[in-house]
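Undergrad: Based on the hints, put chain B in the right spot on chain A.
Top line first, the protein sequences correspond to chains A and B.
Numbering of the first sequence is given in the working numbering, commencing with residue 1 and proceeding in unit increments.
Numbering of the second sequence is given in the working numbering, commencing with residue 1 and proceeding in unit increments.
I should point out that these hints are in silico values taken from the structure, not numbers from a laboratory.
Don't take each hint at face value.
[Said to hold, decoys possible] The calculated label-pair distances, taken between Cβ atoms and stated as ranges, are:
no., chain 1, residue 1, chain 2, residue 2, range
1, A, Ala-430, B, Ala-186, 31 to 39 Å
2, A, Gln-178, B, Ala-6, 19 to 27 Å
3, A, Phe-248, B, Asp-296, 32 to 40 Å
4, B, Ala-186, A, Arg-434, 49 to 57 Å
5, A, Val-144, B, Ala-9, 28 to 36 Å
6, B, Glu-147, A, Arg-439, 51 to 59 Å
[What the hints assert, rightly or not] Computed far set for chain B versus chain A, every beta-carbon distance over 12 Å:
no., residue
7, Val-205
8, Ala-311
9, Leu-323
Beta carbons are placed, not taken as given, at the ideal position from N, Cα and C, and that holds for glycine.
Each chain, letter by letter, is given below.
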Amino acid sequence: MPDLGPVIADAGSNLLAARYQMAFTLGFHIVLACFGVAFPAVMLIAEYRGRKRGDEDALRLARRWSKAVAVLFAVGAVSGTVLSFEFGLLWPGMMDRFGDAFGIAFAIEGIFFFLEAIFIAIYIYGWKRLPGWAHFWSGVPIVVSGVGGALSVIAANAWMNTPAGFTLGADGRVADVQPLDVIFNTSTFHEFVHMWVAAYVVTGFLVASVYAFAMLRGRRDHYHRLGFLIPFTVAAIAAPLQVVVGDFAARDVYEDQPVKFAAMECVYETGADQPEHLGGICTDGEVKGDISLPGVDSLLAGFSTGTVVKGLDGVPLDERPPTPTTIHLSFDAMVGIGFALTALAVWFAVAWGRRRDLPATPWFLRGATAAGVAAVLALECGWMVTEIGRQPWIVHGFMRTSEAVTPAQGIWWAFGLTLALYVGLALTSAAVLRGMARRWRAQTVDEPELEAPYSPPPPTPEPAR
Amino acid sequence: MSKPDAVAAILWIGVTLYAVFAGADFGAGMWDLLAGRGERGERARALIDHSIAPVWEANHVWLIFALVVLWTAFPPAFSAVMSTLYIPLSLAALGIVLRGSGFAFRHALPGRLRGPATRVFGVSSLVTPFFMGTVAGAVASGEVPAEGGGDATSSWTGALPLTTGLLFVATCAYLAAVFLVRDAGAARDAELRRYFTRRALAAAVIAGVAALGGVIALHAEARFVYDGLTGDGLPLLILSAACGLGALGLLARGRAGGVRAAAVGAVMAVLWGFFVALHPYMLPESLTIEDAAGADATLNSVIVVFAIAGAVCLPALALLYLLSQRRTLE
Numbered sequence: 001m002p003d004l005g006p007v008i009a010d011a012g013s014n015l016l017a018a019r020y021q022m023a024f025t026l027g028f029h030i031v032l033a034c035f036g037v038a039f040p041a042v043m044l045i046a047e048y049r050g051r052k053r054g055d056e057d058a059l060r061l062a063r064r065w066s067k068a069v070a071v072l073f074a075v076g077a078v079s080g081t082v083l084s085f086e087f088g089l090l091w092p093g094m095m096d097r098f099g100d101a102f103g104i105a106f107a108i109e110g111i112f113f114f115l116e117a118i119f120i121a122i123y124i125y126g127w128k129r130l131p132g133w134a135h136f137w138s139g140v141p142i143v144v145s146g147v148g149g150a151l152s153v154i155a156a157n158a159w160m161n162t163p164a165g166f167t168l169g170a171d172g173r174v175a176d177v178q179p180l181d182v183i184f185n186t187s188t189f190h191e192f193v194h195m196w197v198a199a200y201v202v203t204g205f206l207v208a209s210v211y212a213f214a215m216l217r218g219r220r221d222h223y224h225r226l227g228f229l230i231p232f233t234v235a236a237i238a239a240p241l242q243v244v245v246g247d248f249a250a251r252d253v254y255e256d257q258p259v260k261f262a263a264m265e266c267v268y269e270t271g272a273d274q275p276e277h278l279g280g281i282c283t284d285g286e287v288k289g290d291i292s293l294p295g296v297d298s299l300l301a302g303f304s305t306g307t308v309v310k311g312l313d314g315v316p317l318d319e320r321p322p323t324p325t326t327i328h329l330s331f332d333a334m335v336g337i338g339f340a341l342t343a344l345a346v347w348f349a350v351a352w353g354r355r356r357d358l359p360a361t362p363w364f365l366r367g368a369t370a371a372g373v374a375a376v377l378a379l380e381c382g383w384m385v386t387e388i389g390r391q392p393w394i395v396h397g398f399m400r401t402s403e404a405v406t407p408a409q410g411i412w413w414a415f416g417l418t419l420a421l422y423v424g425l426a427l428t429s430a431a432v433l434r435g436m437a438r439r440w441r442a443q444t445v446d447e448p449e450l451e452a453p454y455s456p457p458p459p460t461p462e463p464a465r
Numbered sequence: 001m002s003k004p005d006a007v008a009a010i011l012w013i014g015v016t017l018y019a020v021f022a023g024a025d026f027g028a029g030m031w032d033l034l035a036g037r038g039e040r041g042e043r044a045r046a047l048i049d050h051s052i053a054p055v056w057e058a059n060h061v062w063l064i065f066a067l068v069v070l071w072t073a074f075p076p077a078f079s080a081v082m083s084t085l086y087i088p089l090s091l092a093a094l095g096i097v098l099r100g101s102g103f104a105f106r107h108a109l110p111g112r113l114r115g116p117a118t119r120v121f122g123v124s125s126l127v128t129p130f131f132m133g134t135v136a137g138a139v140a141s142g143e144v145p146a147e148g149g150g151d152a153t154s155s156w157t158g159a160l161p162l163t164t165g166l167l168f169v170a171t172c173a174y175l176a177a178v179f180l181v182r183d184a185g186a187a188r189d190a191e192l193r194r195y196f197t198r199r200a201l202a203a204a205v206i207a208g209v210a211a212l213g214g215v216i217a218l219h220a221e222a223r224f225v226y227d228g229l230t231g232d233g234l235p236l237l238i239l240s241a242a243c244g245l246g247a248l249g250l251l252a253r254g255r256a257g258g259v260r261a262a263a264v265g266a267v268m269a270v271l272w273g274f275f276v277a278l279h280p281y282m283l284p285e286s287l288t289i290e291d292a293a294g295a296d297a298t299l300n301s302v303i304v305v306f307a308i309a310g311a312v313c314l315p316a317l318a319l320l321y322l323l324s325q326r327r328t329l330e
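The shape of chain A in the complex, shown without the other chains (with noise of 0.2 Å):
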């Protein structure tokens, strides 16, 4: 198995415990970061159709989410910070020659960020505070702030994979930067409209995928058929844009970032007329156990099958990323799974053509609670097929990975305690959001203020006397 050799070889060092390290705290905060930027809008979709129509349950929808939107931006804004010192504590090699390039889309994330914890309280202090229409507009900067921030954040990760707007000196470090270039390099368009509308897809599924769940166990009520139908919506308007915008992110790859391309496809020779793989294993300069489309890669890459793709014996063995096979599969099961939400939604989308109402069958219910969770792989998927596919470089063609982190001992358990906490995180923020869907059901009037951070503060304590 020649893939495992670099894996193996570096499994001693510091650099395959701090790339799961960074592998594993983004991976968790690109959930919460797609509730950041897709939940307020569901939100406010529910409070817009709640004030048109007089729909008291859709109201009721709305402030019960925005509670989850605090308590979700809440661990967001925790498990980012954390981030921010693993930047350091894992990665100081990269950011001693390249903080300065690297760091100007987070400084500007950090407006987005710091506006949108202010909005959301707002938000929510404003249910009681602010009238009517007005309390709708004050959760409109949240959405437009979570836009901003996912472009900031998604231009810092594209800079590394298509790195732009500097020049080296002398030291080895950055110089002469030109701020717009790093920030508009060539990938962060591609990369921002499909991470932004992963944040919809993602959030739209899991959300409804909660109701989903409720309607097949028998609630079926006007409050959790909307529930359902807002979320979902958004999810199957997004679905099917998501795979336009791939194929699109796909033909940028292609252009821009051959090596990851080859790897997507485990293309080893450069050539014309390349198979398109389903599945399989990349061993040997061959792929093994897949369905082969003769020509569709090259097809899809260039509308001809007379496409030249590059393949992977364009860069020397050691620029090669080490384990093909995961990024070819992952990146097969990220489309797999798009195309069955796009058929999901599709199915969706004609059932209410049809008669103003869901599929009959409970297969589509199970289908839709089924399509949150595949949702979320879909993304890390995608995740991993950019991170791994840039591989064995941090900053592409600049800085290689092992360069880059810490020589500090310990990382093995420091990555260990972080899964162990994480886990932990986790499995009590899922215990808080069904604590709340808890007290909710039971509750059918108005409930507390004080449940989420970012709450107006309790009543005054008694005085003594």
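TA: Positioned in the frame of chain A, the structure of chain B alone reads:
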């Protein structure tokens, strides 16, 4: 003032805001931990919740802000600090995770789990500023070499880092107690007011002793910073001492007005005293602000971003504040 100096000042503004706001949050967590059981403890806790619930998470922003400015504008300094002091920094990050989630969860968890969540919140509120203090002390004592990779343990376990850790803890507790005295006053709870006044005084004494110990340790281990602090930084040091003593006097007399401002003033003055004392260094005697500074265009970007952030976020914060003061609609 050169451009790198200006950006270093922006960084220090972030550090100052974090110290004041998050410092008070950490301290509140410590008092929460020490409040104990019983009716009075529960009332103290309710007041603590009341004080920090509205703003608690926004305060992380200042830390992220400071980290981002540090790595963007002064990459070698960030990398040197991170690769040397990774143990206390990891522990501080751990504390931040536990604290944030402990606080978020204790409101939302079912009753039986609230106790453990509360204790996690309290303990991590104590531990986090301690390790941050050791980091500051280690930087001041010149234990972080410019190229990074300094000794992982001895760099932050000397007398100065440990004293600074203690000083950070005591200062947080002091700030929080002062804020809580005022909040208890606003809630017209005379008993809690006395309760937090006593605690503010106790914390002030501990902070004073730690500060004195810190000065002695500075003299022994960080002569450059000591000289700076007693030289160019002396006016600020005196201002800090005057504010601190003034706040104590007002507290002891039971005066509410001005205590908060004086306490915050004391912390800010000493922080800026250190800024002056460290100048022109970022890492004393090994890396200057000038040498640590990144590309010129990047420094410009940081200045522009800072200006925009002020212009956009301050009105938003004002709106939130107005809203929090507003009565609920019928």
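Undergrad: So, for every hint listed, does it hold in this structure?
TA: Okay, the hints, checked on the actual structure:
no.: 1; hint: Ala-430(A) to Ala-186(B): 31 to 39 Å; result: holds, 37 Å
no.: 2; hint: Gln-178(A) to Ala-6(B): 19 to 27 Å; result: holds, 21 Å
no.: 3; hint: Phe-248(A) to Asp-296(B): 32 to 40 Å; result: holds, 36 Å
no.: 4; hint: Ala-186(B) to Arg-434(A): 49 to 57 Å; result: violated, 36 Å
no.: 5; hint: Val-144(A) to Ala-9(B): 28 to 36 Å; result: holds, 30 Å
no.: 6; hint: Glu-147(B) to Arg-439(A): 51 to 59 Å; result: holds, 55 Å
no.: 7; hint: Val-205; result: holds, 26 Å
no.: 8; hint: Ala-311; result: violated, 10 Å
no.: 9; hint: Leu-323; result: violated, 5 Å
Against the hints set out earlier in the document, violations occur for numbers 4, 8 and 9.
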